[in-house]
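Line by line, the protein sequences give chains A and B. Numbering follows this note's numbering, with no gaps: position 21 of the first sequence is 191. Numbering follows this note's numbering, with no gaps: position 368 of the second sequence is 364.
Careful, some of the hints might be misleading.
Stated by the list, open to error - Below 20 angstroms or equal to it, Euclidean Cα-Cα: the simulated EDC-like pairs (lysine to aspartate or glutamate) are:
no. : chain 1 : residue 1 : chain 2 : residue 2
1   : A       : Lys199    : A       : Glu487
2   : A       : Lys481    : A       : Asp470
3   : B       : Lys225    : A       : Glu558
4   : B       : Lys194    : A       : Asp442
5   : B       : Lys194    : A       : Glu363
6   : B       : Lys324    : B       : Glu338
7   : A       : Lys473    : A       : Asp442
8   : B       : Lys225    : A       : Asp470
Hints listed in this document are in silico derivations from the structure and should not be mistaken for laboratory results.
Chain by chain, the residues run as shown.
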Amino acid sequence: MQVIEHESLILKDLLSSDFFNENLLSATKALADGPLAELADDIDRKGFYPKSVLMKLGEIGALSAHMAPSSDCGRSADYGLAIQVMTEVGRVCGSTAFMMWCHLVCGVYMEQSDNPALMGERLANHNQGITLGATGMSNPMKTFAGIETFLLHARKVDGGWLVNGTLPWVSNIGPDHYFGAVADLEATEDTAEKSEVMFMVQCDAVGVELRNCPSFSGMEGTNTWAVKLTDYFVGPNELIAHPVRPFIGRIRAAFILLQTGMGLGAAQGAIDSMWVVERTLGHVNEFLDDRPDDLQDELDGLKARIMELAKTPFGTEKEFLIDVLDSRAHASELALRAAQSALLHQGARGYLMTSNVQRRVRESHFVAIVTPAVKHLRKEIARLSADEQPA
Amino acid sequence: MSAQSSTDDLQESGGVVDASLPWQVFICRACGLLYDEAKGDEDSGLAPGTRFVDIPDDWACPLCGVTKADFEPYIAECPVRQSRRSAVGAFQSTVSRHNNGTVIVGAGRAGWQMAQALRESDPDTPITLVTACSGDMYDKPLLSVAFARGITLEKMLREQGLQAAIRLNINLMAFTQALRVLPASRQLRTSRGTLRYKNLVLAHGALPRELQQFPASLCWRINHLQTYKKFRDALGVLPQRIAVIGAGLIGSELANDLALAGHHITLLDIASRPLASCLSHAQSTELVEAWSNLQINFIGGVRVSGLRQLLGTADASSPIQVTTECQKCLLVDHVVLAAGLETPSRLADSAGLVWNNGVDVNATTLATSVEGIYALGDCIAINGEVSRYIEPISRQARTVAAHILGLAAKPYKQIRVPLRIKTSSLPFTV
């Protein structure tokens, strides 16, 4: 009797979790195909920041699928679902999918910080999109990979640190936003070893200045600014991690896996636009490479691979990390190929500046160059693959 | 239905549209712009609710400027998700139309023999060889007999990879990791980009088994010329204390060879005698006796439980403490791990190849379970049996080359050849 009860409990949980997933995906799809589709061109070219869409995404639960739910509601943190949700958004608007990632990964910093000040109500507001956050981790990620050096520098003071320096571009920010960043610490007599501190920057705080960036070739509505910090004070309430390296090691796979939603979305949007012209242009398009059904097969295979990896988002094993890095690279490469092929399939109408096919070409370029770019991913794969030997 | 006839039809019906009819949408054939009667086009002075027939004939598409006659009724439909293919013949993925011919993974003996066999039969067929190392050619069996044969490190290198690539007219991708096979679209993902292949040949061999109690930073796994060179550098010129873990073929030969060079060897194995899997009791005993002239101390029946680096002494050496499960403990300068080989399964798994102790191949054709993919050398298993010897490799390469090039192929046959154990103190042929 006990066994039967136990089984029905599991079945109920499964049903409720499936039900939740389906609801969330269809609500996201409706939002993407409706209001977001209307705005996509203005977001891309006119610099319109879709704050209302982002907040609406928060309201329907699209910004927190990867977070442990606050109550026992029969579901658990689901990175696969978060990636699927981002794919639905990215299918329609790459900029918004990118900003979703900025926000989602900021949530990971808060949740994994173990800092009560960043969790609790602040995290709950973040997860619901009531407040919006981002990430300024391009520079530290490249620094940890030996490609750059730190742009922000911290000095220990009473009760915290003072941070100085400028990050060239941080997206999805504004006066009422916040983002995670890393500064290196000046060596002192006590700490001869190099170390770093990771913290939240509140954009409206004293010592924070947002500066205009030059125009980009697209994705202008991502609210991307240069951020200058002058004696910005980091107190215990803003502390994400100290030391930083073990923290980054733990969240690295999650950080990269979540990005795959952007690539999957761009690729899916491109494939969809190829089907739109198949009836009228199939007779000439059949001479093209990378036809939509072949790309869809490849995309479905990649999605399945990513869903499997997303089951263990905090894995640190070498072969797992290589798979995470390669699937992120594959998503970029597939987005590039699909966007290019969609343009060839649509011909002149896809070349119009207002065409979503044209926009997606630029979005796919972004997916391939945003940190970690394809080249960074490959270099990191090579580094991880190298045989370790005695010194 | 052409645009002209459709608009004519509408005009013939009187030019007046019943206001109760649903709004229609028209599509510009040139740019795909949609004119929705419900929305009109206020930028060109068409109020919402302007029927298409009521639009002046000189009206131009607001996006691309073509005329009203270039519009046709737009029928929203779910596109049929089946791409048109009128090409005659077998299905071919549109992803791999442009391919790199035969792509070989691995530049050991199997990889190079494969490239050579293909080139000998076809001077033009495109060949790409992908390898994580430099692709330099050398004879791996010599790594465990270098001192006995007096072969210098320089002499071991038979030909540089780049030179061999030029000689055989192949594309060599050195220092490149092969990551994943997508068999449906015939792509090989690598750390230097994705290759599209017509045929893929796995020749990546096997790697020293990784065991948790042997951290890579503390022990040498000598499976490659580059690693062997670094190991020899680390040995320096003075006699060193070396623990060799595993008294199989490689471990026993290496122990013998390093002892000849004057080093002090402790050879450890789980079995009670060296080469237990290929020598008889009596032969093992004879070997241990022959080794008594050298500095080889064989300790059988022990399992190493851990390695630990101790702090360096004044002369800067940091000895490694080797501990066995039976609490034996020894201090050495270097540890060599020769505890067997293991075939990496990353590529086979990603391609969905049948796996049976290694890449399962057809016993006569060496084809794997997936079309277009062959395998040879140390990474294959025939009926579950692995062969890690030199002899069959060139015959395997010729068989695979014939199949790839569509030439008459002699079925591959496994032949049992004598195994030479090159322990110079007492060599065996079994």
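>> Let me make sure I understand: some of the numbered hints might not hold for this structure. Which ones are they, in numerical order?
In response: 1, 4, 5, 6 and 8
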